[in-house]
Amino acid sequence: MQILFNGLIQGLLLALVGLGFALVYNGTGIFHIAQGVIYAGAPFILLMCVQAGVGWSVGVVLSLLFAVVLSCLYEVANHGPLQKREASKEIHLIASLGVYISLVQVIAIIWGNETRALRNGVDETINLAGVILTHSQLLGGAASAALLAAFLIWLKRTDIGLQFRALSDNPTQLSLMGYNIRRLRVVVFALSGLLTAAAALLMAVDIGFDPHSGLQMVLLAMVATIIGGRGSFLGPIVGAIMLGILRSQVVWYASARWEEAMTFLLLVMFLFLRPQGLFGQAGRVEAQL
Amino acid sequence: MNYLLHLLIYLDIYLIVTMSLNLLMGYGGLLQVAHAAYYGIGAYVAALAMLKFGWGFFPAVGLAVVVAGILSLAVSLPAWRFRGDYFVMVSLAVQSVGYSLLYNWVDLTNGPFGLTGIPRPSIFGYEFDTIGAVTLFASVTAGMCILCTVLLLKSPWGRLLKAMRDDELAARSLGKNTRMAKLQAFMLACALVAVAGSLYATYVSYIDPTSFTLDESILMLSMVIVGGTGNIRGPLVGALILITLPELLRFVQIPDAVAANVRLMIYGLLLVLMAHFRPQGVSGTYRLQ
Amino acid sequence: MTTRFAEEELMSDTEKASQDDVVLSARGLSKAFGGQIVLNDISFTLKRGEVVLLRGENGSGKTTLLNILTGNLKPDAGELHFSVNSAREVFRWPRRWWQNLNPFDHFTPERIAWEGVGRVWQDIRLFPTMTVLDNVVLSSPKQAGENPVMALLRLGRINKEELYNEEKAGRWLNSLGLGERLHSSCDKISLGQMKRVAIARAVQAGAKILFLDEPLSGLDGVGVAEVMRYLDALVRTDGLTIVLVEHVFNIPRVLDLATTVWTLADGGLTVENTEAAQRSPRSDEGLRLHSWLNEVAGPDGKVVSRDLRGGVRLTTAIPKGTEDAPVALEVTDLVVRRGYRTVLDRFSICLRKGQLTLLESPNGWGKSTLLDAIAGVLPAQSGEIVFNGDQIHALAANRRIEKGMSYLRSREAVFGSLSIAEHQKLSRGTSVTFGENSHNGHIKANLLSGGQRQKLLIEMLPKAGMYLLDEPFIGLDSHSVSQYAEYLQQQIGGNKTIFMAMPETTNSPLRDMGGI
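Chains as they are written, first to last, in numbering that gives the first Met the number 0: chain A, 0 to 288; chain B, 0 to 288; chain C, 0 to 515.
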């Protein structure tokens, strides 16, 4: 039971990151590896604010702002110009990879390569019907669940949510109906950054953080998106939760060493047996003849 | 002088790496991120053969080549079915699982503690133990590998690869067995990089899993992209840039603590610049458009 | 005793002769895509030396059948018997369960190529990074050098083989008049030459049955003559069997060569010889379209036709008073490339307000590409587009829409995962209403039929000063067609501009090129 809850909370936090990845992937088809920079960088901004004595709330706001601004820059300076030139997905991937590599190093140069912590001392715990959770875990689980629910409602009910879904479905047609695709794409990136930073902060409070954990997270987000289904928004969320639960089971029953291997084996299984994922649409698979 | 020879050895090793990766990327048109895993497999198999079985260098390399060749099926079989995004994901999975195996199969690989005391190469009892001798040995090995690759690329098989890269369906309609060609390309590329790994193992005499991570794969990828793909010169340029860049940095007196970070940062920046302005790399002919 | 034996032998010889004539036969081929039956129980027998013209409307399944016969697609049911070489190969579907366990797929393009089937693609697909010569040399079958081990170890033998293949390919290309172009890259030769290289390539690979997908599209009279002459020679001298897929069937040169005509309609195949096919009633769609244009121009207006190279016909309905109307759209020297291919090469057109212009072109000419480029969906490499006096070729699509143009695409234009109601919410003001879709608000668009989707698209089209329409009537029932045609007429009356693109109909300009 304990394991289940641990996994669930991990899964919820991962779902935020997964959604961030899926937003960009669905809306633009880009493998947003540079999302890892947001994930890695946000906690450092918060740390910097706390150390400067500015306070936690301001720090959180500044971190989220950092995430949104950087994400907008991604589209405006990196992917937008490439899109105009009709660059292939591989080029976008390489550009994203390059951004990830260079910016992560910048973070490492400024703050060093070691793991840091946002919290000093031991966290307090609560006992919920036999399951022991730390305050950070509780915060993480509740906040992410709230954010996820809010997002899903926003997607289904609002006008911009509808435009997002249309963008993921047929961007050319949306453009032909008079909508500004470039602006929408920036919003997509911004929202992705927001969700990713939120997840990063929540996780940083719980465990530590370092400049290099971003890539790992993005990979997990990618697995969650594929398992959940490309083109879907609910899918990556479900996929991430599933992944979180499975991973903690593996850690408990086998050992932490096989977590990664299991994750990727699961990915390969899905690719072979159900390439459209749990909620994705069949027939849009890039399989060969 | 010794230092220059040391650089030359590394150049030889990386030349083999870039030539082999160019085979996949510039001629096969596939984005491979699992190359470091095969590099590692080559290094470990050769090292283990020399340490545990007491084999000489050439039989050890032979074994490494065979093992890497067989394990190349892990990426080449999925390449039949997947292209583009999906293939990158499978490649990531293989890298992750490969690293996991190296790290966790402690009985065989000694896990995180690595293997020490790997002997220098010896042929018929003559041991290449001075740095000059090793340099000579490495250069000859690299030369042979390059010669083989060049011969292959200029042969009808190389032409078949080019056709496959340009338009696989058209090639198949002409009766070309592109699946076999892919299998062969992967087998050769993985075998070659295994040779590079064996050279590395025998030179540094201590290997551990941290040299064979995803980051290393990405570095290899960057080398090839920056240098250029699709011809013979590009990989040479790529390897050269990789070797000389740290030296340039030293010249500019960047402190050692951040040197590694700065080097990677420059790499990331180069990747982004290449993606935007020169997708064919510094000296390549094939644009990853 | 001996006589009887001889008799039996004789009989089996004749039997064998008639059997030998058949190179490919199909029985009961069926294929459906997502519930829609495209091919329904198709059977035929193809004999050596036949020249078949495969015709059918867009969407009739020509491409599907072609893909199946060349190993690119598996049918849902049926049998294929290949007997080009003396050995006979049979493929049956559905496969037995134990056959499906075999991961090494049996029915692949390369396997079928080994059966003697060759394919020439509509967009040619020569390998762009290789020279003309290499394209053909590459196709040589059974190259030992294609095995990497051999390539490394048997250099001498491989080199000899290469020289032999190069010489053979060189001779082929010389006979096609391409002797000087052997070492040029493929973009330096004319379209007609490219098509012939593609044919040579397939033949070099050992094709005995050649499937050509709209080989004459984009060719002028000279190009058509060259290609047909080449095919003729291949049939007479080398005993090839040819299946030509063509959208238009009344090109004299083709009919001269063709021995049989296959017509695909409603999932079924009709086989007849050429005389019978010529007597079949022609589709009068083209005639109806042109008489409608006369209506649009009105009693006092005129209808003017102009033929462009590549088999394109532009017909403009000019109502009275619009002869000197201000120019709505002016396209100058537009060049559009898709990958390595130049689709539009310095295309120019001028549209005036209040006029309707119809563009009829063969498949593959690039009508959708042209409309895509005007609307901003595709970037143009060079050239100018001026809309109502503004230079728009640097603007994004949505900006052009804001400036007052509307574009109805012919494919992939709905949001499959969104419901009808959501489509309506997204569209900023509808122009036409067909009424049908208002009841089914919650249905997702990808579940709609083709006709319903088309109606939805038309309804969602923003009101504009200029309409770009790509095959607007596709899938519509006749009542909706008249409804929409009437609406368009009203728009012309309201001084709007319409540019409509349609696939070539029987009123093809090529029809008039008799005696080539």
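What the hints contain is simulated information worked out from the structure, not anything from laboratory work.
Worth double-checking, as some hints may not be accurate.
Stated by the list, open to error - Derived BS3-like pairs: lysine-lysine, alpha-carbon spacing no greater than 30 Å straight-line:
1) C:LYS207 <-> C:LYS187
2) C:LYS462 <-> A:LYS88
3) C:LYS462 <-> C:LYS301
4) C:LYS167 <-> C:LYS141
5) C:LYS167 <-> C:LYS187
6) C:LYS424 <-> C:LYS462
7) C:LYS187 <-> A:LYS88
8) C:LYS443 <-> A:LYS155
9) B:LYS153 <-> C:LYS141
10) C:LYS402 <-> A:LYS83
11) A:LYS155 <-> C:LYS167
12) C:LYS141 <-> C:LYS159
13) C:LYS402 <-> C:LYS352
14) C:LYS424 <-> C:LYS443
15) C:LYS462 <-> C:LYS73
16) C:LYS301 <-> C:LYS319
17) B:LYS153 <-> C:LYS443
18) C:LYS187 <-> B:LYS153
19) C:LYS424 <-> A:LYS155
20) C:LYS167 <-> B:LYS153
21) C:LYS402 <-> C:LYS424
22) C:LYS462 <-> A:LYS83
23) A:LYS83 <-> C:LYS207
24) A:LYS83 <-> C:LYS167
Claimed, not checked - To give an idea of the interface, some chain C residues facing chain A are shown, with a C-beta separation under 10 Å as derived from the structure:
25) ALA143
26) GLU322
27) VAL376
28) ARG399
Here a beta-carbon is modelled for each residue, glycine too, at the ideal position from N, C-alpha and C.
Quiz item: Which of the listed hints are not met by the structure?
Solution: Hints 2, 11, 15, 17, 23, 24, 25 and 26 are the ones this structure does not satisfy, whereas the remaining hints hold.
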